[in-house]
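S.K.: Both chains are sitting in their own frames, so use the hints and assemble them into the complex.
For the protein sequence lines, the chains are X and E, in the order given.
Quick note on numbering: the numbering used here labels position 166 of the first sequence as 166, and the sequence is numbered without any gaps.
Quick note on numbering: the numbering used here labels position 458 of the second sequence as 458, and the sequence is numbered without any gaps.
It is worth saying that the hints were derived from the structure and are not from the lab.
Please note that the accuracy of each hint is not assured.
[Said to hold, decoys possible] Quick list of simulated restraints, FRET-style, between CB atoms:
| # | chain 1 | residue 1 | chain 2 | residue 2 | range |
| --- | --- | --- | --- | --- | --- |
| 1 | X | G52 | E | V284 | 40 to 48 Å |
| 2 | X | T8 | E | R98 | 46 to 54 Å |
| 3 | E | E22 | X | P63 | 18 to 26 Å |
| 4 | X | L171 | E | Q333 | 54 to 62 Å |
A virtual CB, placed ideally from N, CA and C, is assigned to each residue, including glycine.
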Amino acid sequence: MKAITKLTGPVLVLEQENIDTDQIIPARFLTATDFDGIGDHLFADWRLDSNGEPKPGHVLNEPRAPHSPILVAGHNFGCGSSREHAPHALLGFGFRVVISSQIADIFKSNSQNVGLLPVVLEADQHATLMQMDGEEITVDLEQCKVIVRTADGIEHHWQFSIDPFARHCLLRGLDRFEFLNQAEDAIVAYEENR
Amino acid sequence: MSAPESLFDKLWNSHQVKAQSESTPAIIYIDLHLVHEVTSPQGFDLLREKGIGVRRPGRTLATLDHSTPTLPADSNGERPYYTPQAKRQVQTLRDNCREFGIELHDWDSPYRGIVHVMGPELGATQPGMTIVCGDSHTSTHGAFGSLAFGIGTTEVGHVLAKQCLLQNKPKSMRINVNGKLPDGVTAKDLALNIIRYLGMNGGTGFVIEYAGEAVRSLDMEGRMTLCNLTIEAGARAGMIAPDETTINYLRGRARVPKGEEFGQAAAKWLQLASDPGAIYDSEVTLEASAMRPAITYGTDPGMSVDIGEPVPLAQSVSHEKALHYMGFEGGQQMSERRVDVVFIGSCTNGRLSDLRAAADVIRGRSVASHVRMLVVPGSESVRRQAESEGLHETFSAAGAEWRLPGCSMCLAMNGDLVAPGETAVSTSNRNFEGRQGSGSRTLLASPQTAAASAVMGRVAGLSDLESLEVNR
Numbered sequence: 001m002k003a004i005t006k007l008t009g010p011v012l013v014l015e016q017e018n019i020d021t022d023q024i025i026p027a028r029f030l031t032a033t034d035f036d037g038i039g040d041h042l043f044a045d046w047r048l049d050s051n052g053e054p055k056p057g058h059v060l061n062e063p064r065a066p067h068s069p070i071l072v073a074g075h076n077f078g079c080g081s082s083r084e085h086a087p088h089a090l091l092g093f094g095f096r097v098v099i100s101s102q103i104a105d106i107f108k109s110n111s112q113n114v115g116l117l118p119v120v121l122e123a124d125q126h127a128t129l130m131q132m133d134g135e136e137i138t139v140d141l142e143q144c145k146v147i148v149r150t151a152d153g154i155e156h157h158w159q160f161s162i163d164p165f166a167r168h169c170l171l172r173g174l175d176r177f178e179f180l181n182q183a184e185d186a187i188v189a190y191e192e193n194r
Numbered sequence: 001m002s003a004p005e006s007l008f009d010k011l012w013n014s015h016q017v018k019a020q021s022e023s024t025p026a027i028i029y030i031d032l033h034l035v036h037e038v039t040s041p042q043g044f045d046l047l048r049e050k051g052i053g054v055r056r057p058g059r060t061l062a063t064l065d066h067s068t069p070t071l072p073a074d075s076n077g078e079r080p081y082y083t084p085q086a087k088r089q090v091q092t093l094r095d096n097c098r099e100f101g102i103e104l105h106d107w108d109s110p111y112r113g114i115v116h117v118m119g120p121e122l123g124a125t126q127p128g129m130t131i132v133c134g135d136s137h138t139s140t141h142g143a144f145g146s147l148a149f150g151i152g153t154t155e156v157g158h159v160l161a162k163q164c165l166l167q168n169k170p171k172s173m174r175i176n177v178n179g180k181l182p183d184g185v186t187a188k189d190l191a192l193n194i195i196r197y198l199g200m201n202g203g204t205g206f207v208i209e210y211a212g213e214a215v216r217s218l219d220m221e222g223r224m225t226l227c228n229l230t231i232e233a234g235a236r237a238g239m240i241a242p243d244e245t246t247i248n249y250l251r252g253r254a255r256v257p258k259g260e261e262f263g264q265a266a267a268k269w270l271q272l273a274s275d276p277g278a279i280y281d282s283e284v285t286l287e288a289s290a291m292r293p294a295i296t297y298g299t300d301p302g303m304s305v306d307i308g309e310p311v312p313l314a315q316s317v318s319h320e321k322a323l324h325y326m327g328f329e330g331g332q333q334m335s336e337r338r339v340d341v342v343f344i345g346s347c348t349n350g351r352l353s354d355l356r357a358a359a360d361v362i363r364g365r366s367v368a369s370h371v372r373m374l375v376v377p378g379s380e381s382v383r384r385q386a387e388s389e390g391l392h393e394t395f396s397a398a399g400a401e402w403r404l405p406g407c408s409m410c411l412a413m414n415g416d417l418v419a420p421g422e423t424a425v426s427t428s429n430r431n432f433e434g435r436q437g438s439g440s441r442t443l444l445a446s447p448q449t450a451a452a453s454a455v456m457g458r459v460a461g462l463s464d465l466e467s468l469e470v471n472r
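So here's chain E without its partners, still in its complex pose (with noise of 0.2 Å):
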């Protein structure tokens, strides 16, 4: 019999073209491409270098959301793009789409968003896949139970050109979340618990395999959110193994296959467990129950607190440096932190769940006079949902602006800024120094936590708020 194999060996083993020997890598077959504006133009330029075509356009899957404003068109149909050099990028990936001949959700199409959202909206993202994108939260497919993660633009070319990477397998670690989330939290919190445990360097050389009642717990959208944040504790790639769960949500959508080969598809894809007994480089246990709502503090993803905590006191001095960065003083109440900027969206948190979550915390109150709340929809497709629910409808009256799909505010390069010295609770993924816009301060925390601080205009969570309304 055979030695028992992980869900990783099992992707790894099945996609290598070329076995890894002690001198070369392996070479690794992608099945799905995902390319954006940002990373991809140096890609195409090397396939017009050596006079190629992309290998398989039909596995290769386009869209823009990084550099794309989120307001609307004016008049003329002009869009208000930040510099003519994003217009330029924009228009760049319109021009290799076409001259290459990939599918590219363009302005037009009902179904644009950010790569992470999009994919699996379309039913790109399937179990058992080998996916990479020019983007390090490539890691969010992997809830799925595939192989995803973010490479740069030299491999973004190789992928182009030849439908491989060369890749040196990773070591494997698993984590098992026992039991079950209390109430209020979520799967950012959950996340954020798992990278301040590891640290932020803690995944580094590894892929993360999610097990455990409280992941298995999470629907599709909660575990594409912690596997979007396996990266910032630095592992390259995080998954989950497929089950009905799973299935449910793929069910129906436009690359699925349809009918009966669904149901043959599904039966493959529930194979895809780990077997018993597989062996992992590293284990983790965490205790679910123990987990409390969290919002980051300092100017990475594993410094953070539970909500009501205070700071915690500096203990080196890169930690003293974050917390000056912040404007925070060791031991003081993250509570008395007033928050200028809400940013509701991301790859990590724009999800439609996500925008009734943070929907229902204001529903009937308002943002605070001083907040600026923005919320962005992760895709059109989340968009029109949303829209037909009215939720919409809830932001704009409690006097938050509701924005066009894209990355927006989480890494500001489309001109959705923060200010200098201003502090924004935001859904989104990195709290790096002037991520947000030079001299921006970000505390990450679940949609939920940041409708309630736009509602107290400081940080606050859920139990902050006199009465939360429910299911109205």
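Excised from the complex, chain X in its bound form (with noise of 0.2 Å):
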């Protein structure tokens, strides 16, 4: 899992609510037994005509696409199935960061055993960046900030709050499973003692 400490980039804005894994990558691509090249497959339908060729004017195929590490997406992202395919595809096309005003429980959980930062912001600071599709900004996880300078030149810091282990995992890129090897002790305790 690389790690995330601080990131600055240009947001790519998804206005859509409810944005469910399936969309993020549909089931008929998960017959893969590894992830490899599935950032291919990001959004098929929405992206990708019936041959597989990019659909002309559809946001995820404009060039800046793959070069904005953060997407910024409708209320209650990631919602529906559970498959890891879904960070997954969103890192393999060039996503690092991932903001929305909710966000689905197990896709968050995915997320951040895989190297996907979520961020989850109030409402109305939610609706400002809804606003600033291409616009440039800040994720500082060491800080638990999101740095946005607005069209009236003020620079706001909105403070989020996650997981303090997983901002531990992901600042550092570790594996979760060192976590729990290293309560092996406890594991073999409880086992005994049902």
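M.R.: Below, the structure written as structure tokens:
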């Protein structure tokens, strides 16, 4: 897992609410036995025609899209299926951070496990960001801040909260498995005492 | 005296290997790990990478369901896999189960089925357990008073390796459904009503306990349908405290204790109810008598109306987009919509009682000539029982296709597809854009409503059929 500490880059906005993981990666791409190349199929039904060619005019097909590391999406992002292929596809496409006003539970933990930073902002902050497609912002996981300069020239520092352990692992690129592995004695004790 | 605990508290506390701290999550022990071909390959890779085995193969149970064809093998024994990759995925699970010593219900097993249908049938699912699977509809197993939820593939690897998960304790919600459901209102309708009330994200961050007379009155298959759909309101787990209905269902099943030991287990299971005065972070009370059969019109399971109601007017940009995708106008009568496909099956509604309910509607009637109807039993056990009752003949005589068990058209990754632009009335769990195939339009409903729509060739409820033959 690649560490993520502080990242500055342009945002890409997907306005739709309730974007489910079937949209992020349709089920027909789940038959692979690894995650290699899965970013090619990100939002396949939105982005690509039935021949797999990019649909002109879709924001995800603009040349800037693969160079926009921060996805800002409508309320309740990542709902539905537990497929971990979804955060892998977002990472594979080039995103490192996804921001919304609500992020679904399983998608959030899957993202934290694979190195995609999920950030939940207040509704008004989120609404402001939704109007800033293509503009550069900073996401600072060290400080738990999103730093945004709005059109009026004011620099906003928005604090966000994140599970402290997830933050710890993301900042260092740590595999959570090692933490579980270090608990071996406790696991053995639990199994013996049931 | 200790503070009163909810069922969820009891399950959580009794499975803590290590408690949550300010800087670290809890370590939760997992009693049963269900595995299927789609979300497990990379989990097994973790074991190989670390050079370790599966910690508790006996607590791990695997099946083939998602990528499997529902048409039979040809004369050479070749199964009609949708893609070579699907076949390879199935073979990968077979290889992994052999390498790591895991019980797999393969094609030759008389019990193979959708993971959430098979687990309870075998009695592998038991009250008081923690149960996980790389599948969001793992919430189904909460019907037995277990803590059951879907996980990602990284976590599948964790459970294979350590039989444990890192988890922060979710918030708790109790949903009380008072009174009795009117005749013809099923567990599916109850669930769709609850999701409509909560919204598709109203349960996010929560574990839901269902309680109240209407919930108690459901049989186990109905309870599984209700808990199955908990994730469609955003909650990872739904649960119902065990009672005599639960005990009666479990008695005699392959994996439950036998004889005297069963009595001892049952006595323990019945103690799993929430204590009086248990505290919930949120509590909701609904009236069952006000509920009617429901059907979805939009692209999330929260967007439903009662049968007979028109499509609501668009209330937001997203809502408008959903109506546009579905080809609906606000205010339009749902019954005007011609139906192309009807799907009876899935981990939501692919059990024997579901097939019986659909067969009762279909019996002596015909599927409308323009409708393609697929009936896919949830497991080999369901198939066997249904066939012994002649349900397959009822469906075939009416013009429906009787298939082999699997997830099939619910997520359409096995080639059982709804064509672009077509409308399907489906007993499954998700009406997301393209869920049943690119461009497909899904209306979620109960088996009864789906069967009535198949006969009428348009969106219809039981009341639309002139007469319903019962118990013929």
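S.K.: Hint by hint, note whether the structure agrees.
M.R.: For each hint, the structure was consulted:
Checked against the given bound of 40 to 48 Å, the beta carbons of G52 (chain X) and V284 (chain E), roughly 45 Å apart, stay inside it. For the pair T8 (chain X) and R98 (chain E), the supplied restraint of 46 to 54 Å holds, since their beta-carbon distance comes to about 49 Å. Distance hint check for E22 (chain E) and P63 (chain X): the Cβ-Cβ separation is about 45 Å, which falls outside the suggested range of 18 to 26 Å. Checked against the hint of 54 to 62 Å, the C-beta distance between L171 (chain X) and Q333 (chain E) comes to roughly 55 Å, which is consistent with it.
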